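Chain residues, written in single-letter form:
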Amino acid sequence: MKRVIASAMLALTLGAASPSMAFEPESDQPIKLMIADWSSMLIDTEILNIILSTYGYNVEKVVADDSARYPGFESGDLTIALETWQTTQDKAFTASVATGKVLDMGELGPHAKEDWWYPAYMEEKCPGLPDWKALKDCAAAFAAPETAPKGRYLSGPVSWGGHDEERVKALDLPFEVVHAGTDAAMFAELQSAYERKAPILLWIYEPHWAPTVYAGSFIKFPPYEAACYSDPSWGENKTAAYDCGKPEGWIKKMAWAEGEKVWPCAYDIVRKFTMDGKEVGELVYEVDVKARPVEEVAMEWAKKNEAKWRSWAACAQK
Amino acid sequence: MADILARPDGVAAWRRNWAHAVLPLAILAATLFIQGPLAHLPDWAVVPLADWVGGGLNWFAREATIGGVKVADITRALATAAEMPIDWLKVLLAEGWVTGAGFNKMHIAPPLSWLGVILATSLLALRLSGRGLALLTLLAGAYLVFFGLWLSAMTTLASVVLCVITALALGLAMGIWAYRSPGAEAVLRAVMNIMQTVPVFSYLLPTLLLFGYGPSAALFATVVYALPPMVHATVLALRSVPAETLELARMTGCSRAQTLLKVELPVATPRLAIGLNQVVMMTLNMVIIASMIGAGGLGYDVLRALRRLDFGAGFEAGMGIVALAVVLDRLTQVAAHNQSTGRRGLWKRRDTAIAVLLLLVPTAASLAVPAFATWPDGWTLTTAPFWNGAVSFINQNFYGPLEAIRTATLLGVMNPFRDLLLAAPWSAVVLLVALAGYALGGLRTAFSVALLMLFIVVTGYWEAAMSSVYLTVLSVALALAIGLPFGIWVSAHPRLHQPVQLVLDTLQTLPTLVYLLPAVMLFRNGDFSALIAIVSYAIAPAVRYGMAGMAHVPSERIEAGIMSGCTPWQTFRFVRLPSSLPTLILGINQTVMMALSMLVIAALVGTRELGQEVYTSLARGETGPGIVAGLCVACIALVADALLKSGAARAARHEGAVHV
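Protein chains in written order, with this note's numbering: chain V, 1 to 318; chain U, 1 to 660.
If you're looking for bench data, these hints aren't it; they were derived computationally from the structure.
Incorrect hints may have been included.
Subject to a maximum C-alpha distance of 30 Å in a straight line, what follows is the list of computed DSSO-like cross-link-like pairs (lysine-lysine) [as the list claims (entries may be wrong)]: (1) Lys220/V with Lys136/V; (2) Lys304/V with Lys278/V; (3) Lys101/V with Lys348/U; (4) Lys197/V with Lys238/V; (5) Lys261/V with Lys70/U; (6) Lys125/V with Lys61/V; (7) Lys238/V with Lys272/V; (8) Lys272/V with Lys261/V; (9) Lys61/V with Lys262/U.
Only a predicted model underlies this, so the values are computations on that prediction, with no experimental measurement involved.
I would like the entire structure built from these sequences, with the hints used as guidance.
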C-alpha cells in the first residue's frame, strides 16, 4: 500500500523526470527474502536486497526460523533464502526439493563446518588434543560440579539436532551432554569461560565470528561419511551409528519453485549470486564484533563490488 | 478472635482430618509398592494426540474451505488488511515516504520529526495530567533519541498502538457479550483461561500458517495474548455497576444501547482502566516474541545485541521498551481517570493547533536540517561499554563464590527435588492432587483436577510436566518468600509505593532475555539460570498482592487489635494476616501463573521440560507437539488455579464466618 501511495506521489510530483528505469521487472509482486537470526544470512540477504531493489523489484525481508521455513517456501510465503546449511538442514532440504515445490538454486560459496570446539588454553590441561581420543582421559579437566566425574559438553539448542548424545555413547566418551537454550546463551557461556580461562567444550559453527575472536580448535573426530550416521557397522564402534564427527558441507540457496515463472530474471540473478567464505567471515566480523549496522556493511560491499554484481544481473542490463 | 481460641472438637475433627492427613500418608506409603504401568505409562498407552492436532491444523490452514473460500485465503486477506494501518503509522512515524530501493532509493517526505512527536505528546500529558507526567514523557522521549533508539521505538509503537486498540475493542465487545449472556460467559471464561495459560510459542506456528510471516502474524499472536485480561476486566467492571444506577437508567427509559453507552460503560471506566493497563503491559511484553516473527523494532534490536553478546546495548534497547510502556500506560490511565471523574475540556481547540504546529515545524525543518529527522549516529550516547565491563568484571572476580552458590543449590535442593518428582508414580500424584481438590473445593473440583492431570498422562508428557512442576514450585516458593514479605513491608511505607510500582513495571516489561544472558554467563546454561529468570519475573505479582492485601485490611479491625493490647507482631499475625489471606492466596495464584508463563522463556537457557518441548517444536516447525505440550502447561496452570481459588474461597468463608 505504502508503495502504491509512494509511486502515485512519485508519478505526480516528478512526472516525466523519473529516474532512469531502463529495466522493467517482470512483476511487481513482492519477492520475499527469508532472513533467519544469524549474521551471515542477514548480511548476504541485505546485499541481494540492494541488488534486486536497484533493478526495481519489490522486495520484502521476512524473518523465519531456520527449520520452520519449509512450509513457507512450499506455499510461496517465502520466495528466496540464501543460506541452507547442509550440516543441519540436509534431510529437510532434500525432502522439500523432492516435493517439486522448492528449487535448489546452487551453492552460495562458503563452506559450512561445525563440531566440538575447545579454546587453545585447554591444550595444556588436556595434552593430546585435538584428537578425540584424548577426551577419554581428560573428562575431569572439562568437568563441572554437577557432571563430575564426567566432563561437560555444551551442545546447541535441542532444535539443532546434531546427535551428540548418540555420539557420546557410540564413541564411549565420559561426557554429559548439556543443551544450551539458544545460540546466544551458548556463546555467553563461551565468553564467560574464555575470560576466566576456565574449561569449556562446546558446539561451534563456521562461518561465525567466534572462531575469529577466540583462539581454539575443533576436535578431530573420525571424519563424517553418510554411512557413519546410517550404518552401525561403519567405523570405530561396530554396533552403533554416529561414531564420527558432524557433517561439513555446502551452504545452498533455495527458492519457491513457482516464482521462476513470475520473476525469471530475478531467479537468474539469485543463481549467479555467490560469496567467498573468507569475505563473509570479514563482513560478519564487522557486524558482530564491531557492532556496525547490517545495512551499512552491505551497502559498503555493494559499492565496492558494483562491477561484480552488475555482471550477475546481465538479464536486467538490456 | 474466636478463631484462635476455637479448637476443633474431638471426633468430628478427626473425621474431617482423616482426609487431610491419613489418606495422603497412605497414598505416599503405597507409592513405594506401585510398579509397572501405574508408575510409568507404557508407550503403547500414549494417545498420539500431537499427530492428530498437527494433521488437523495443517488441513485447516491449507485445505479447509468455508462456503467455497479457502480459510487460508480469508485469513490472508485479513492479514493484508491489518497490515495497512501498521504501514501507514510506520510511514508517519518511522520511515517517511520512500520510493525505490537499493541504489535507486529516494525519500519523498520525511517521517514526523522526533522533536515534534515528543513535544506534542508532552503537551498532551501536560493537559491531561500535569507537569509530572509531561516531564516523564519528555525524559522518556529524550532517552529514546539520545540513545539512538528512536526509529526502532517508532516501528514498535506503530504495531503496539494497533495491537492495543484491537485488543481493547475485541475485549470490550466480548466482555459485554459475556456480561449479558450467562451461557456465553461460561464458554468465554473457559476459552480465555486456556488462552491465558497456553504459552505463546505453541500457537505461533499455526498463526504463521494462517497469516503468513510478518507484522500481522505478530499482531494476531499479541492480541490473543493480551485479550483475556481485558475480557475479565470488562465483565468485572460491568458487574460492579450498582443496581440502583441501572434501575435509574431503566426508569428514565433508556434503551439497551443507551444504558450501555451512557450509564454502564462510564460508571465502569475506572475498572476498565485496569484491564487497559494489563493490555498495554502485555502487548509490550510480547515485543520480543513479535520481533521473532517479523515485527522488527526494539525487540529486534534486543535480539541482535544479545546475539553479539553486547549485553549493554541489549539492556539499553530493553529499557527503550520500558520507556514506551511507562509513558503509554500512564497516559492511558490518566485519560481513563479523567473520563470517569468527568474532568473534561482540558484539551482546548487552541491546543490542537499548537500540537499540529509542534509536529509540522520540526518536520519541515528536517528537510533542511537532517538532525531533526534522524538524530545523527555520532551524537548518540551509550552506556553499553559500562554494562559489558560490569558483567565481565563480576565474571572474572566473583565467579568462584557464585559458582559455589549455584552448585550447592543445584546439588542440595534442585536436583533431589526433581528426581523425587520424576520418580513418583503418576497414579499416586494424580490421586493426591484429586484429594487436595476434594479437601479444598469438594467433589467437582476433585473431578476436574484429576481429569486435567490425566490429560497430561495420556498425551505422554508426564515426565516433562513433572520437570516443569519442579521448576515452577521452587521458583514460586522463592518468589513468594522474597516478594510477599517485601510487599507487606512496603505497604507500611506509603512513600515507597511510587518507586516500587515503577520498579515492578520495569521488571514486567523489560525483556527477560536482557538479564537472562548475563545470568547465563555467571550461572551457565541450565536450570539454575532458568530459576533466576522465573523468580525475577514472578516476583512482581507477589509484591503487588502483598501490598494490596495489607492495604485492604479494614482499619477498625486493626484498631480493635491495638486496643485489646496486641503487640505489632500479634496485630500482624492475628488481625492483618487472616483478613488479607484471600487476597494473598490470589497473589500466590498470580505468581504461579506468571511463573508458568515464563517456562517457555526459561527454555531459552536450556531447561528440559514442557517449555523446552514447546520451544523445540516451534523451532522444528512441528505444529502438533507444540500445541499439545502447550495445553499441558495450561493443564498445570488450571489445576493450580482450581486448587488455589478454592483455597481462597474457603479462607474468605472462614474469615467471614468468624467475624460476622
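Open item on the list: Going through the numbered hints above, which ones does this structure break? Give me the numbers in ascending order.
Closed with: Violated hints: 3, 4, 6, 7 and 9; rest satisfied.
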